[in-house]
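Asker: This is what each chain is made of:
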Amino acid sequence: MNVSETVEFIAALFILFGSIISVISAFGIIRFPDVYSRAHAATKSSTLAVLLTLFGAFIYFWISEGIISVRLILGIIFVYITSPTAGHLIIRAAYRSNVARTETTKVDELKEVYEAYERQQKNPPHHTEDG
Amino acid sequence: MAAQFVLNIFIAFLWMMFRDEDVLRVSTFLTGYAVGIVIVFLMYRFFGKKFYLHRLYAVIKLIFIFNSELFQSAYLVLKTVLTPKLNLQPGIFKYETVLKGEWEVPLLALLLTLTPGSVVMEVAPEGDVFYVHAMDIVKYKENLLRSLGKFEKAIMEVTR
Numbered sequence: 001m002n003v004s005e006t007v008e009f010i011a012a013l014f015i016l017f018g019s020i021i022s023v024i025s026a027f028g029i030i031r032f033p034d035v036y037s038r039a040h041a042a043t044k045s046s047t048l049a050v051l052l053t054l055f056g057a058f059i060y061f062w063i064s065e066g067i068i069s070v071r072l073i074l075g076i077i078f079v080y081i082t083s084p085t086a087g088h089l090i091i092r093a094a095y096r097s098n099v100a101r102t103e104t105t106k107v108d109e110l111k112e113v114y115e116a117y118e119r120q121q122k123n124p125p126h127h128t129e130d131g
Numbered sequence: 001m002a003a004q005f006v007l008n009i010f011i012a013f014l015w016m017m018f019r020d021e022d023v024l025r026v027s028t029f030l031t032g033y034a035v036g037i038v039i040v041f042l043m044y045r046f047f048g049k050k051f052y053l054h055r056l057y058a059v060i061k062l063i064f065i066f067n068s069e070l071f072q073s074a075y076l077v078l079k080t081v082l083t084p085k086l087n088l089q090p091g092i093f094k095y096e097t098v099l100k101g102e103w104e105v106p107l108l109a110l111l112l113t114l115t116p117g118s119v120v121m122e123v124a125p126e127g128d129v130f131y132v133h134a135m136d137i138v139k140y141k142e143n144l145l146r147s148l149g150k151f152e153k154a155i156m157e158v159t160r
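The listed protein sequences derive, respectively, from chains V and U.
If you read the first sequence in this note's numbering, its first letter stands for residue 1, the second for the next number, and so on.
If you read the second sequence in this note's numbering, its first letter stands for residue 1, the second for the next number, and so on.
Worth flagging that the hints you see were computed from the coordinates, not collected in a lab.
Among the hints, erroneous ones may be present.
Calculated lysine to any residue pairs in the SDA-like style (CA-CA distance at most 20 Å, straight line) [unchecked claim]:
#1 LYS141/U to ARG101/V
#2 LYS85/U to ILE24/V
#3 LYS141/U to VAL107/V
#4 LYS61/U to ILE77/V
#5 LYS106/V to LYS94/U
#6 LYS139/U to PRO33/V
#7 LYS94/U to LEU89/V
#8 LYS85/U to PHE17/V
#9 LYS94/U to PHE14/V
#10 LYS106/V to ASP128/U
#11 LYS111/V to LYS61/U
#12 LYS111/V to ARG55/U
#13 LYS122/V to ALA124/U
#14 LYS79/U to LYS111/V
#15 LYS79/U to SER19/V
#16 LYS139/U to GLU103/V
#17 LYS106/V to ALA58/U
#18 LYS94/U to ARG101/V
#19 LYS139/U to LYS122/V
#20 LYS111/V to LYS85/U
#21 LYS106/V to LYS141/U
#22 LYS111/V to GLU126/U
#23 LYS79/U to VAL35/V
#24 LYS139/U to ARG38/V
#25 LYS111/V to ASP128/U
#26 LYS79/U to ALA26/V
#27 LYS106/V to GLU126/U
Residues of chain V clear of chain U, computed beta-carbon distances all greater than 12 Å [unchecked claim]:
#28 ILE10
#29 ALA12
#30 TYR36
#31 THR43
#32 ILE67
#33 ILE68
#34 SER69
#35 ARG101
#36 VAL107
#37 ARG119
We put the CB at the ideal spot given by N, CA and C, even for glycine.
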């Protein structure tokens, strides 16, 4: 095995690990009890899975074809930024549309704040126009 | 800070002249710049200011923290998924941050979402209170609070 074959093997290993982690996090999305915990599986381990796969592809193209693929690097950066944001937005939207939490939920310090906010939206404080 | 940068460029040019090569080479300039970095680093205390590459160092440190947190949290989630009997006690807790502004707060939120066992649910409109959903509040809350303090410090090194 010469150098380029070894590196290709390592790249293949990265992609393989990425796929395995991706499968496990898909299991997690099914197994976890509610939307909020599912977001954990969706944001963390699948981010890592996509990153590993892209990184493996990057190494492969670099060594075997001699291309430093800027598109793959951009992909890695954007996945890094967008995936946590997406998770945050999903569970935020879920909370705002009152998706149920599991019964084992211990503490909810957001509830009172949110309810106060809701009340305020329904009957806004009275303002006089002229002053 | 600008004075240190100018001094560093000056050292690089000096290095190029001392080498006395027939043509201008970028590699010689870069070597001189590297030497200059070492010299300025040894001398920056006399300027009474921070080292001008300090911020770069902080950025690199922050990126490193991002990566290590991503790996740790992915490991934790995978471990939890593969546990035969799931016994999670999720919870939402409140965290008041000292960070301000359009850069610091989103950075902390991103970092927090990549931390083991936590996702940011809601940020107060004023931007100073986070509501964080923890996957298992009993087990991880102390860890979370500890690493939050660490992140705040690392972010402040970059932005201030």
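Asker: Confirm or reject each hint.
Answerer: These are the hints, each one checked on the structure:
For the hint linking LYS141/U to ARG101/V, the alpha-carbon distance of about 19 Å falls within 20 Å, and the restraint holds. For the hint pairing LYS85/U with ILE24/V, the CA-to-CA distance comes to about 15 Å; that is within 20 Å, so the pair holds. At roughly 11 Å between alpha-carbon atoms, LYS141/U and VAL107/V fall within 20 Å of each other, so this suggested pair holds. Of the pairs offered as hints, the one joining LYS61/U and ILE77/V holds, with about 17 Å between alpha carbons and a cut-off of 20 Å not exceeded.
Using a Cα cut-off of 20 Å, the hinted pair LYS106/V and LYS94/U holds, with the two alpha carbons roughly 13 Å apart. At most 20 Å may separate the alpha-carbon atoms for a hinted pair to count; LYS139/U and PRO33/V meet this at roughly 17 Å. Between LYS94/U and LEU89/V, the direct Cα distance comes to roughly 18 Å. Compliance with the 20 Å bound is thereby established for this hinted pair. For a cut-off of 20 Å, the pair hint linking LYS85/U to PHE17/V is broken: about 24 Å separates their Cα positions.
With a C-alpha separation of about 38 Å, the suggested pair LYS94/U and PHE14/V falls outside the 20 Å cut-off, and the hint is violated. Restraint check: the Cα-Cα separation between LYS106/V and ASP128/U comes to about 24 Å, which exceeds 20 Å; the hinted pair is violated. For the given pair, LYS111/V sits about 36 Å from LYS61/U by alpha-carbon distance, which is inconsistent with the 20 Å threshold. Restraint check for LYS111/V and ARG55/U: the C-alpha separation of about 39 Å exceeds 20 Å, so the hint is violated.
The hinted pair formed by LYS122/V and ALA124/U meets the criterion: a straight-line CA distance of about 19 Å does not exceed 20 Å. Note on LYS79/U and LYS111/V: the hinted pairing is violated, with a Cα-Cα distance of about 30 Å set against a maximum of 20 Å. Of the pairs offered as hints, the one joining LYS79/U and SER19/V holds, with about 16 Å between alpha carbons and a cut-off of 20 Å not exceeded. With a C-alpha separation of about 17 Å, the suggested pair LYS139/U and GLU103/V falls inside the 20 Å cut-off, and the hint holds.
Among the hinted pairs, LYS106/V with ALA58/U is inconsistent with the structure: their alpha-carbon atoms are about 37 Å apart, more than 20 Å. Of the supplied pair hints, the one linking LYS94/U and ARG101/V holds, its CA atoms being roughly 17 Å apart against a limit of 20 Å. Between LYS139/U and LYS122/V the alpha-carbon distance is near 38 Å, which puts this suggested pair outside the 20 Å criterion. The straight-line distance between the Cα atoms of LYS111/V and LYS85/U is roughly 29 Å, outside the 20 Å bound, and the hint therefore fails.
Of the supplied pair hints, the one linking LYS106/V and LYS141/U holds, its CA atoms being roughly 12 Å apart against a limit of 20 Å. With a C-alpha separation of about 18 Å, the suggested pairing of LYS111/V with GLU126/U holds against the 20 Å cut-off. This hinted pair checks out: LYS79/U and VAL35/V have alpha carbons roughly 19 Å apart, not beyond 20 Å. Distance restraint check for LYS139/U and ARG38/V: the Cα-Cα separation of roughly 18 Å lies within the 20 Å cut-off, and the hinted pair is therefore satisfied.
Taking the CA atoms of LYS111/V and ASP128/U, the gap is about 18 Å. The hint holds against a cut of 20 Å. A C-alpha spacing of about 13 Å is found between LYS79/U and ALA26/V, which places the hinted pair at or below 20 Å, so the restraint holds. For the given pair, LYS106/V sits about 26 Å from GLU126/U by alpha-carbon distance, which is inconsistent with the 20 Å threshold. With a minimum CB-CB distance of about 17 Å to chain U, ILE10/V clears the 12 Å threshold, and the non-interface call stands.
For ALA12/V, the shortest C-beta to C-beta distance to chain U comes to about 20 Å, beyond the 12 Å cut-off, and the non-interface label holds. For TYR36/V, the non-interface assignment is contradicted: its Cβ lies about 5 Å from the closest Cβ of chain U, within the 12 Å cut-off. The Cβ of THR43/V does not lie farther than 12 Å from every Cβ of chain U; its closest approach is about 6 Å, which violates its non-interface assignment. With a least CB separation of 24 Å from chain U, ILE67/V remains clear of the 12 Å interface cut-off, as annotated.
Residue placement check: ILE68/V keeps its beta carbon more than 12 Å from all beta carbons of chain U (closest about 19 Å). The beta carbon of SER69/V is kept farther than 12 Å from every beta carbon of chain U, the shortest such distance being approximately 20 Å. Not every CB of chain U is more than 12 Å from the CB of ARG101/V (nearest about 7 Å), against its label as outside the interface. Chain U draws VAL107/V into its interface by the beta-carbon criterion, the shortest separation being 4 Å against a cut-off of 12 Å.
With a minimum CB-CB distance of about 16 Å to chain U, ARG119/V clears the 12 Å threshold, and the non-interface call stands.
Of the numbered hints given earlier, the model fails hints 8, 9, 10, 11, 12, 14, 17, 19, 20, 27, 30, 31, 35, 36; all others are met.
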